[in-house]
Each structure stands twice: as C-alpha cells, then as structure tokens.
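Visitor: Listed here are the chains, written in short residue letters.
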Amino acid sequence: ETGVTQSPTHLIKTRGQQVTLRCSSQSGHNTVSWYQQALGQGPQFIFQYYREEENGRGNFPPRFSGLQFPNYSSELNVNALELDDSALYLCASSLTGDSYNEQFFGPGTRLTVL
Amino acid sequence: DAKTTQPNSMESNEEEPVHLPCNHSTISGTDYIHWYRQLPSQGPEYVIHGLTSNVNNRMASLAIAEDRKSSTLILHRATLRDAAVYYCTVLRQGGKLIFGQGTELSVKP
Chain L
1 ETGVTQSPTH LIKTRGQQVT LRCSSQSGHN TVSWYQQALG QGPQFIFQYY
51 REEENGRGNF PPRFSGLQFP NYSSELNVNA LELDDSALYL CASSLTGDSY
101 NEQFFGPGTR LTVL
Chain F
1 DAKTTQPNSM ESNEEEPVHL PCNHSTISGT DYIHWYRQLP SQGPEYVIHG
51 LTSNVNNRMA SLAIAEDRKS STLILHRATL RDAAVYYCTV LRQGGKLIFG
101 QGTELSVKP
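Line by line, the protein sequences give chains L and F.
This note's numbering puts the first residue of the first sequence at 1, with every later residue one more than the last.
This note's numbering puts the first residue of the second sequence at 1, with every later residue one more than the last.
Incorrect hints may have been included.
[To be verified] One-sided and incomplete, this derived list gives chain L residues near chain F with beta-carbon spacing under 10 angstroms: (1) Gln18; (2) Gln37; (3) Gln48; (4) Arg57; (5) Ala92.
In short, the hints are calculated from the structure, not lab data.
Fair warning: this is a prediction, and the values are worked out from it, not measured in the lab.
By construction, the Cβ of each residue, glycine as well, lies at the ideal position given by its N, Cα and C atoms.
Let's have the full structure, built from the sequences with the hints guiding it.
Guide: Structure representation (structure tokens):
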C-alpha cells in the first residue's frame, strides 16, 4: 500500500509568482485535504476535495485554489505569492470526508517565498 | 471554530506513562477528537481518535471527559521514539481538522 506522496519536496519562488504543488493520495482514498503549516505553528486547514469537488474551505483567500483529478490525486495552486506564504504545505488523504475517518499526511512541500 | 488548548511542553522518563491533556471547550456534538503527532521534518502521524467513549489502540489510549470539553492522550510506556509534538485536534464534517499549538513531548532515557 503506497502512502501519501507530495512533490516537490522543496521550492523557492519570488513574490508575485504562482506555484503548483502536487499530492497523490493513498490507495483507496477519495478525499484529499490541504494544510499550511508556518514554522513553529500547528497546521491550518486550507480546503478539502471529495470526489473532485471542493467539500470545505478554511480562511484562505481565493488566490489559494485546488483541483482533484479522477484518480483522486490533487493540486494546490497559489497565485500572487506573498512572503507570508512561506510555509510547509501538507496534503492528507482519507477514506471519505466523514469526521470519523483518520487523515494520512504526506511529508509536505517546503515553500520559500523571497 | 472549535479551539484546542494544550500545554506547550511536557517531559517524561523512558518506560513511564505519559498523560497529555487537551481542552476543547467549544467542541460541537458531532465533532470527533483526533490526536496526531509530528516528528521534525515529517508530516503529522495519526495516533487515535474518539467521539464520546474512551478508546484504545496499539499506540495509545484516549480518555474523553463526560462533557467532552477535554481529553487526555495516554502513552502507557514512553520510549525515545515517542518524542514529538502532539496535536489534539477536533475534526468536523468537511475535513476541517482544527489544530492547536501542540505539546512538545521530550523523553529522557
């Protein structure tokens, strides 16, 4: 059973640029959630995708957007990057979006915005 | 949003039990309590979850207060590999895991 994978592992961008982060969910999981984790903080929920539809969203501006594909892999897109977007971006997959299902996290993508 | 509050840090001796407390006083009736832990440079790892009753698994036990406003994660015999940041989270429908600051657990040999 393959776990959650994310790419790339590290990324450096400059302010104003756009970035796309990718996530492959664990086999059999149809739900993917994205989190942002600033240094020394707990992860903050960005949004969740269930069967290719957005199923919930946190307090992030519209320049944070996502996609889920038919194979349940997912992308996180961030436009007009700001310095404060520097963080570890985590993807988590779960069997469904129900609250009794545990989420399985990938190792994250470390984004640095200069 | 339901908020969780945990001590910033705790220390334990190896082979001894550890009780990690968490307050979640604004939890809603259908929210599940999940615990995760995170090692440096890794994503969080699921530990245990529950709704109302106490839960046990191979990693830990979860004791949930009768009013559900607090819970305690119990590691029965701490090992050096249990040193991590432990997050008490509340999970509501729509996948919104609400993380607090977490408790950094250090384990002394």
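Visitor: Find the hints from earlier in the document that the structure breaks and name them by number, from lowest to highest.
Guide: Violated hint: only 1; rest satisfied.
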